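Participant: Sequence lines, in order, name chains A and B.
1 is the number of the first residue of the first sequence in this note's numbering; add one for each residue after it.
1 is the number of the first residue of the second sequence in this note's numbering; add one for each residue after it.
Watch out, some of these pointers could steer you wrong.
Copies of one chain are not kept apart here, so a pair can be met inside one copy or by any two copies together.
Okay, derived cross-link-like pairs now, DSS-like style, lysine-lysine, Cα gap no bigger than 27 Å in a straight line [as the list claims (entries may be wrong)]:
1) Lys209 to Lys24
2) Lys64 to Lys209
3) Lys180 to Lys170
4) Lys166 to Lys24
5) Lys64 to Lys17
These are computed hints drawn from the structure, not numbers from a lab.
As the structure is a computational prediction, the values presented were derived from the model and not from experiment.
As a plain string of letters, each chain reads:
There are 2 protein chains.
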Amino acid sequence: MEEKKGEYVEGLARGLKVLECFDKVHALLTLSEVSRRADLNPAAARRSLNTLERLGYVRRIDRKFVLSARVLTLGSVYLRSANSEELLLPELRRLVGLFGESASVATLDRQEVLYIASYSEQRAKRMMATAGTTFPAYATSLGKVMLSSMGSDELDDYYNKVNLQKLTDKTLNSPEDISKQVALVRELGYATSVDELDYGITSLAVPVKNSAHQTVAAINCSAYSGRVTSESLIEERLEELRVAASRVERVLASHPALMHSLYLPQ
Amino acid sequence: MEEKKGEYVEGLARGLKVLECFDKVHALLTLSEVSRRADLNPAAARRSLNTLERLGYVRRIDRKFVLSARVLTLGSVYLRSANSEELLLPELRRLVGLFGESASVATLDRQEVLYIASYSEQRAKRMMATAGTTFPAYATSLGKVMLSSMGSDELDDYYNKVNLQKLTDKTLNSPEDISKQVALVRELGYATSVDELDYGITSLAVPVKNSAHQTVAAINCSAYSGRVTSESLIEERLEELRVAASRVERVLASHPALMHSLYLPQ
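Please build the complete structure, drawing on both the sequences and the hints.
Facilitator: Rendered as structure tokens:
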């Protein structure tokens, strides 16, 4: 980083960490819980919470804090500025119209795939992704496509930071096994995932590239494992998925705000 | 505000203002544009942008800045922590199953209705709301329900802050006309909107109350104006919409993180 000292606002970084420390299991937190989860000293956590409360992003209930619905508006500034759903949903709808089930565009953020847009017949309610959903990259077809764009240093860095877990008994959770798959994905130009993120989900993904041929996103379609196999997805859908990817690439080429919001390989 | 001086982190407030100054028309902004739109001096805007860039929420493209997809994760911390979609979508799906078209739950944030959850047959693609979408309160049935919960001081404050605009030739845009409607909504216990937000949208909304009988949210269903009238919505749907509202009230009563994330009348 080349910015001058004093150009980095610690208070902003801390406040965003405080927002991000809430989740489903930690929806109501005391000051000391926020302090621990955001890795901040109690005084800094208290200043962040007081500020977020005054700005309307956090509510105080007795001695606990919860996020207010205003936090949703932060995600929607991205949706509006990148115009991602309007630009991407037509192509995702077309895929779902052809094949049923669901289709998504995702990018990489930190160690996770981050869904930018998703369209679903809503049959599979359990793991339904919407814009903003994140999943471990190594367990999804979208994520494997993103990992396949990394150089070996970047991939090593990914393994150092990620917490590899067996999400099902099919999940690959060693760097060796994942790297073998990722090399295959690089060679074939597509990735599959069968029951690796959760039982019942089979998916096929291909890269979405920028004008410099770098993978900046991935597009997939998925279906219930009981109805399809990875082989049947490849045979029946790969060609159309590649058509969709090339259309998304053209959309990106003419929409810089969306294009530049995505992951860029180092 | 009763917090001590020094408890308010200006840098955090400024950074959030910077995030919020991006939108569809202003997706790529120079430093001076950010400075003007966020009402910050250039040095403060630059520090915010540098920090947001280093944290991965903003990207720099030549001399312009864009939001990165990571901003989406901020909205999704709310979705995860309030668990709003999982808790509210079943009831919205039931309404859409009965009546078709779309149904939503929204609350009030600043001068706007803020959609918490929405379910749609996707027929009306143009104004499709998703979680995080905001619309002017005075032009929507959901918003009129929220305004009807305000005392007269709070409503005066609303008129002082809001920018009343004619969005269609049906939009009420004077405090007098809106107040008359709002008084009627209070008396009837429901609100309608016909082509006031946009041509073609007719909707019916009822309040969702907390255990102290305060309106904290609203639930609506909407349809294409060519197929329904506000009278037909009231006749055919009001009863089921009230059933849905009372079920949502029971959900809120047992889910404090969602309950306390919503608007509370002063």
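Participant: Taking the hints in turn, state whether each one holds.
Facilitator: Hints, one by one, checked against the model:
1. Lys209 to Lys24: between (34 Å within a copy, 23 Å between copies)
2. Lys64 to Lys209: between (45 Å within a copy, 22 Å between copies)
3. Lys180 to Lys170: within (15 Å within a copy, 62 Å between copies)
4. Lys166 to Lys24: within (21 Å within a copy, 40 Å between copies)
5. Lys64 to Lys17: both (17 Å within a copy, 25 Å between copies)
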